[in-house]
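In order, the protein sequence lines correspond to chains C and V. Under this note's numbering, the first residue of the first sequence is numbered 1, with each subsequent residue one higher. Under this note's numbering, the first residue of the second sequence is numbered 277, with each subsequent residue one higher.
Hint data in this document are derived by calculation from the structure and do not stem from the laboratory. Careful, some of the hints might be misleading.
Which residues of chain V face chain C? A few of them, derived with a C-beta cut under 8 angstroms, are [stated by the list, open to error]:
1) Ala311
2) Leu399
3) Ala404
4) Leu406
5) Pro416
6) Ala421
7) Ala436
8) Ser438
9) Trp456
10) Arg524
11) Leu529
12) Glu728
Cut-off 20 angstroms, straight-line C-alpha distance, at most; resulting in silico cross-link-like pairs (EDC-like, lysine to aspartate or glutamate) [stated by the list, open to error]:
13) Lys706(V) - Asp645(V)
14) Lys517(V) - Asp32(C)
15) Lys184(C) - Asp645(V)
16) Lys149(C) - Glu678(V)
17) Lys149(C) - Asp624(V)
18) Lys755(V) - Asp624(V)
Far from chain V, some chain C residues (derived; all Cβ distances over 10 angstroms) [said to hold, decoys possible]:
19) Val24
20) Ala47
21) Asn137
22) Gly142
23) Tyr224
24) Ser225
Note that the coordinates shown come from a computational prediction; the quantities given were computed from them, not determined experimentally. From the three backbone atoms N, C-alpha and C, an ideal C-beta is built for every residue, glycine too.
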Amino acid sequence: MQRPTLLGFNRHRHLKAAGLLVAVATLAYALDRPPVPSYGGTWLGYALGIVAALLVLRQLWLGVRRRHHGGSGNLQDSVSAHVHFGAALVVLATLHSGFHLGWNVHTLAYLLLLAMLASGVYGVFAYLRVPRQMTDNLGEEGFADLLLKIAELDERARAHALYLPDELGAVVMRAVTQTVVGGKVFRQMSGRQPDCPTRAAVRRLHEAGDPLDAAQSAHQRELYSIMLRKESLLIRARRDVAFRARLGFWLYLHAPLAVASVAALVAHIAATLFYR
Amino acid sequence: MIRCLLVQIARNRHGHPIRSERRIAGDTLRIGRGAECALHLPDHRVKLRHAVIRGAEDGKFYIAGEGTSIEVDGGFHQVAELRPGTRVPIGPYRLIVEASSDDGELVISVELVHPRPPDEAILARAPASLAAAGLSKRRPAVWLAALIGLFFLLLPILQATSPALREALASMPLTPRQTWNPGPLMAGHQTFAGQCDTCHRRPFEPVPDHACESCHRGTAAHSSASAAVVRRCAECHRDHKGASGLVRGDRPLCISCHEAVRERDATSVLANVDGFDSDHPPFRLTLKSGAGQDRPRRNSQSAKTAPTENSGLRFSHRAHQGKLRLPSDPRLFRTMDCGDCHQVDSGDLRFRPVTMKGHCFECHKEAFDFNPPLDGHRLPHGSERAVMDALENFHLKKILAEAALRGGRAAAGGIPLQQALDTAAARARKAVAALAGEMGCGLCHETKAADETSAVPWTIQRVTVTEHWLPAARFSHEKHRVGKCADCHAVSHSDRSADIAIPDIEMCRQCHSGERPAGGKIASPCASCHRFHQPVAALPDPVLSHRRG
Numbered sequence: 001m002q003r004p005t006l007l008g009f010n011r012h013r014h015l016k017a018a019g020l021l022v023a024v025a026t027l028a029y030a031l032d033r034p035p036v037p038s039y040g041g042t043w044l045g046y047a048l049g050i051v052a053a054l055l056v057l058r059q060l061w062l063g064v065r066r067r068h069h070g071g072s073g074n075l076q077d078s079v080s081a082h083v084h085f086g087a088a089l090v091v092l093a094t095l096h097s098g099f100h101l102g103w104n105v106h107t108l109a110y111l112l113l114l115a116m117l118a119s120g121v122y123g124v125f126a127y128l129r130v131p132r133q134m135t136d137n138l139g140e141e142g143f144a145d146l147l148l149k150i151a152e153l154d155e156r157a158r159a160h161a162l163y164l165p166d167e168l169g170a171v172v173m174r175a176v177t178q179t180v181v182g183g184k185v186f187r188q189m190s191g192r193q194p195d196c197p198t199r200a201a202v203r204r205l206h207e208a209g210d211p212l213d214a215a216q217s218a219h220q221r222e223l224y225s226i227m228l229r230k231e232s233l234l235i236r237a238r239r240d241v242a243f244r245a246r247l248g249f250w251l252y253l254h255a256p257l258a259v260a261s262v263a264a265l266v267a268h269i270a271a272t273l274f275y276r
Numbered sequence: 277m278i279r280c281l282l283v284q285i286a287r288n289r290h291g292h293p294i295r296s297e298r299r300i301a302g303d304t305l306r307i308g309r310g311a312e313c314a315l316h317l318p319d320h321r322v323k324l325r326h327a328v329i330r331g332a333e334d335g336k337f338y339i340a341g342e343g344t345s346i347e348v349d350g351g352f353h354q355v356a357e358l359r360p361g362t363r364v365p366i367g368p369y370r371l372i373v374e375a376s377s378d379d380g381e382l383v384i385s386v387e388l389v390h391p392r393p394p395d396e397a398i399l400a401r402a403p404a405s406l407a408a409a410g411l412s413k414r415r416p417a418v419w420l421a422a423l424i425g426l427f428f429l430l431l432p433i434l435q436a437t438s439p440a441l442r443e444a445l446a447s448m449p450l451t452p453r454q455t456w457n458p459g460p461l462m463a464g465h466q467t468f469a470g471q472c473d474t475c476h477r478r479p480f481e482p483v484p485d486h487a488c489e490s491c492h493r494g495t496a497a498h499s500s501a502s503a504a505v506v507r508r509c510a511e512c513h514r515d516h517k518g519a520s521g522l523v524r525g526d527r528p529l530c531i532s533c534h535e536a537v538r539e540r541d542a543t544s545v546l547a548n549v550d551g552f553d554s555d556h557p558p559f560r561l562t563l564k565s566g567a568g569q570d571r572p573r574r575n576s577q578s579a580k581t582a583p584t585e586n587s588g589l590r591f592s593h594r595a596h597q598g599k600l601r602l603p604s605d606p607r608l609f610r611t612m613d614c615g616d617c618h619q620v621d622s623g624d625l626r627f628r629p630v631t632m633k634g635h636c637f638e639c640h641k642e643a644f645d646f647n648p649p650l651d652g653h654r655l656p657h658g659s660e661r662a663v664m665d666a667l668e669n670f671h672l673k674k675i676l677a678e679a680a681l682r683g684g685r686a687a688a689g690g691i692p693l694q695q696a697l698d699t700a701a702a703r704a705r706k707a708v709a710a711l712a713g714e715m716g717c718g719l720c721h722e723t724k725a726a727d728e729t730s731a732v733p734w735t736i737q738r739v740t741v742t743e744h745w746l747p748a749a750r751f752s753h754e755k756h757r758v759g760k761c762a763d764c765h766a767v768s769h770s771d772r773s774a775d776i777a778i779p780d781i782e783m784c785r786q787c788h789s790g791e792r793p794a795g796g797k798i799a800s801p802c803a804s805c806h807r808f809h810q811p812v813a814a815l816p817d818p819v820l821s822h823r824r825g
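One chain only, chain C, in its complex shape (with noise of 0.2 angstroms):
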C-alpha cells in the first residue's frame, strides 16, 4: 500500500471537508436570486465573506503554531487541512466578490489571496516533488558529508600541489581556496557555479603539454583524479543547495503575502463597515 502523502492524509479528511464546502458555497451561489446581482454585500455574499474570513484566521493559525511550537503535534494533519481549505478558500472569497474586480482595496485583497494562494500551490508541488529529488542526489550521505569529503579531497590536492609547476599549482590552489557551494538566491536556486575554479582546475588538468618529469606527472594524474571526485561532489553539494532553496523559497512569499493578505482583509472589512 502506498504510504499516505500530504495531500491524501487521513483518507482524504480534509479534502472531502473542503469538497463539501466549496460545493455547498457553489451551489448556493448558483440558486441564489438576490434582488441585485450577486456581490459581497448580498446576504450570500455577507455569509460568504465571514466564513473566507474565518477560514483565513484558520490557515493563520497553522503559521503561527509552527512559529512558536515548533510544528508540535500531529503536522502532517494540520497542513493537509491548510493546504485543502487554502484552496476553498480561494472559491469562497471568488463567490463572496461575485466576480466583480476595480481599482480598490476590496480587490488588493482578494489579488493578495491569489498570490498567496499561488506560492501556497508552489510549495505543495515542492514538498511533494523536490524531497524525493533531494535523496535521489544525497542517497545514504548527507550534505555534511559531501562537504568533509570535499574538504579531505582539498587536502590531499594540496599536498600533491606542491610539486607541480607554480601556473598548474596555482590553478588547483584557487580550486582549493576558492570553490563555492551557495552564494546569493539565484545562484543558490540555480545550483551552479558557473566560474567554478574546481572545474578549471579539472580542465586545466586534462590538458597535456606541461613539461613535467616523471614524478611531477604522477602528482597530476593524482591532482586529475582528485578533482574530478571534487567536482562530482559538489555538483551534488550545489544541487542539494539549489532543492533546499526551492524547497523553501515559496514560504518567503507566502508568509508576507498572509500578513499583507490580512492586513488588505482588515481594511476591506474596515472600508465596508465604515461606508454601509
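Chain C is already provided as a structure; the job is to place chain V on it using the hints.
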C-alpha cells in the same frame, strides 16, 4: 661542494625555540617547495624552485633567485652574499645565516614564521541557505502590512474624519479614500464621486433616506402598506454598480406583497398576482366604456366584460386602409396605412392625437361643402349653432342675391329684411335636418334629436377619444418597432369605433415571460411595465382628451 648545517626552528607552546639540526651538502643548494630541492620548504607560498645557494672560490656563499630577484635583508637582489646575520625571507619562512664554524660549514636556521592559517571551510565562503543569503520573512511582511495599513486603512480614515486633510488631498487624482470605492457610481451621482459624505452621512451607519431626499424631493411613496416592507431607499437603489446604476425591480420586491395584497393592505382593490406569465389579471383599460358609463373608468379587458369604446365618433378602421377611392373625387385613389393618421409623439412612446383638421379634412373636405357648392365657403367644423349660423347666412345671401336679380322687375327695396331672414332660417332648418344623416355630420359623429325648443333639431354627442389606455403602465412603442402595427392591433376587420384594438395580456405573453426568460421569451419583471413610486390611486390626469372642433 657546499656543506650546510640546517637548523630548523620550531616553537613550543610558550614560544620558546626548539632547534633540530641536519646536514645537507651539494655543489649547489637549491631552495624551493619542489621535491628535488635540498632545502625543501613544503608550502605553496614558496616557488617550486625559489633560489639557489652557490659557493665561491673564496669560500663565500651567495644566494640567487631562480629566474627572478630575491629579497635579502630587506632589499631585492639578483645575487647576494650570505654573511652571518643575513636574513632571507622565502614565502612564509625566514632563513637566517648564523655564524659559520671554522671548517667553512654554512649554518642556516629556517623558521616557519607565518604558518598557514587553517583552510577556510567551504561553507564560510558563500551562504548556502536562503536565510543566510539575506532573505527574510518578517521584514517584507512588516513592510507590506505597514504600507497597506497606512495607505488603505489609516489615510482613508483620516481623510474621512479630517476636513483639513480632505481639502489638502482634494486635488489628487486618486485619494486614499477612493481606494475604498467598491465600484463606479451611477452617472448622475458621479458629480460628487469624491465626496463620500454626500450620501454616507455618518461612519458605520447605512446611507439614510434623508440623504437621498435632500436631492430627490417629492418622490412618491408606493403605498402606506409598502413602507413596512421597503424601509430604505437603498434597499432598492444600489449605487457603486456602474454608470447605469442599479434599481431593484425583482420579483420578490413586488410579489412578496402582491401575491396576497389585501392581507397587506385591506383597502387595496388589486387582484393577487404571482407573476406576469401565471396569474396576472387582464389589463384594465381606462376608458368610458359602452353607453352606460358617463366618465372614464378602469375596465377589465377580459372576455367576460369585453369593454367597448364610447367615443361619440363613427369610424371604420377597415374603410381607412389599403387602396381607397377619394370621397372628394371618385376617380382618384389613395393608399392608406396606419402611419397616415397615427404619428408617434416626440418621446416615441405613444401617438399624437388624431384631429379632424390634421387628418380627416384632407380627404373629407367635400362633406363641408354647401349644396350647391359655393366657392370659398364651407360649413365650419364646430358646434351645432355655428353650423346653423353658417347655413342661415348662406341662405340669406342666396335669398338676397335672388331678390337682387328680380329687383329689375320688382319695386326698389326688394323683399323686406325680416321676410328674408325668416325664409333663410326656414331653409337652413330644413337643410340642417338633412345633415344629421350620413351625408352630413352623421358620417363621423353620433347624433341624436334635440328637444323642441332647440334651434338645431339634433345634437352631436360629445367626443371622448381615449388617448392613453393604460396610463399607469410603462410602454414604449419605440421598443416594439420590431413588429408591424397589425401584429398587435387587430383593426383590419374593425368597422365600428367601439372596437378596442389595444392588445390584451395574452398578446403580450406571446413574447414576454415573467421575471425569468422562459421558452425563448423576453424576461419581463414587474418593473418593466409598472412603476414603484407611483401611487396607484393617483392616475395621471387628464388621461382622456375631450375635444370638439
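Against the structure, the hints:
1. Ala311: 6 angstroms, holds
2. Leu399: Interface hint status for Leu399(V): holds (6 angstroms vs cutoff 8 angstroms).
3. Ala404: Holds - the Cβ of Ala404(V) comes within 8 angstroms of chain C, reaching about 3 angstroms at its closest.
4. Leu406: Status holds, d = 5 angstroms.
5. Pro416: 4 angstroms, holds
6. Ala421: 4 angstroms, holds
7. Ala436: Since chain C brings a Cβ to about 7 angstroms from Ala436(V), closer than 8 angstroms, the hint holds.
8. Ser438: 14 angstroms, violated
9. Trp456: 4 angstroms, holds
10. Arg524: 5 angstroms, holds
11. Leu529: 6 angstroms, holds
12. Glu728: 68 angstroms, violated
13. Lys706(V) - Asp645(V): Holds, because 16 angstroms separates the two Cα atoms, which is no more than 20 angstroms.
14. Lys517(V) - Asp32(C): Holds: Lys517(V) and Asp32(C) sit about 19 angstroms apart, inside 20 angstroms.
15. Lys184(C) - Asp645(V): 110 angstroms, violated
16. Lys149(C) - Glu678(V): Violated. Lys149(C) to Glu678(V) sits at ~149 angstroms, over the 20 angstroms cutoff.
17. Lys149(C) - Asp624(V): 93 angstroms, violated
18. Lys755(V) - Asp624(V): Given that 20 angstroms is the threshold and the Cα spacing comes to 9 angstroms, the pair holds.
19. Val24: 23 angstroms, holds
20. Ala47: Holds: least Cβ distance 18 angstroms, greater than 10 angstroms.
21. Asn137: The claim holds: Asn137(C) sits with its nearest Cβ about 15 angstroms from chain V, beyond 10 angstroms.
22. Gly142: Its Cβ never comes within 10 angstroms of chain V, the nearest being 13 angstroms, so this holds.
23. Tyr224: The claim stands: Tyr224(C) keeps its Cβ more than 10 angstroms from every Cβ of chain V (closest is about 18 angstroms).
24. Ser225: Given a closest Cβ separation of 20 angstroms, the condition holds.
Of the numbered hints stated above, those contradicted by the structure are hints 8, 12, 15, 16, 17, listed in ascending order.
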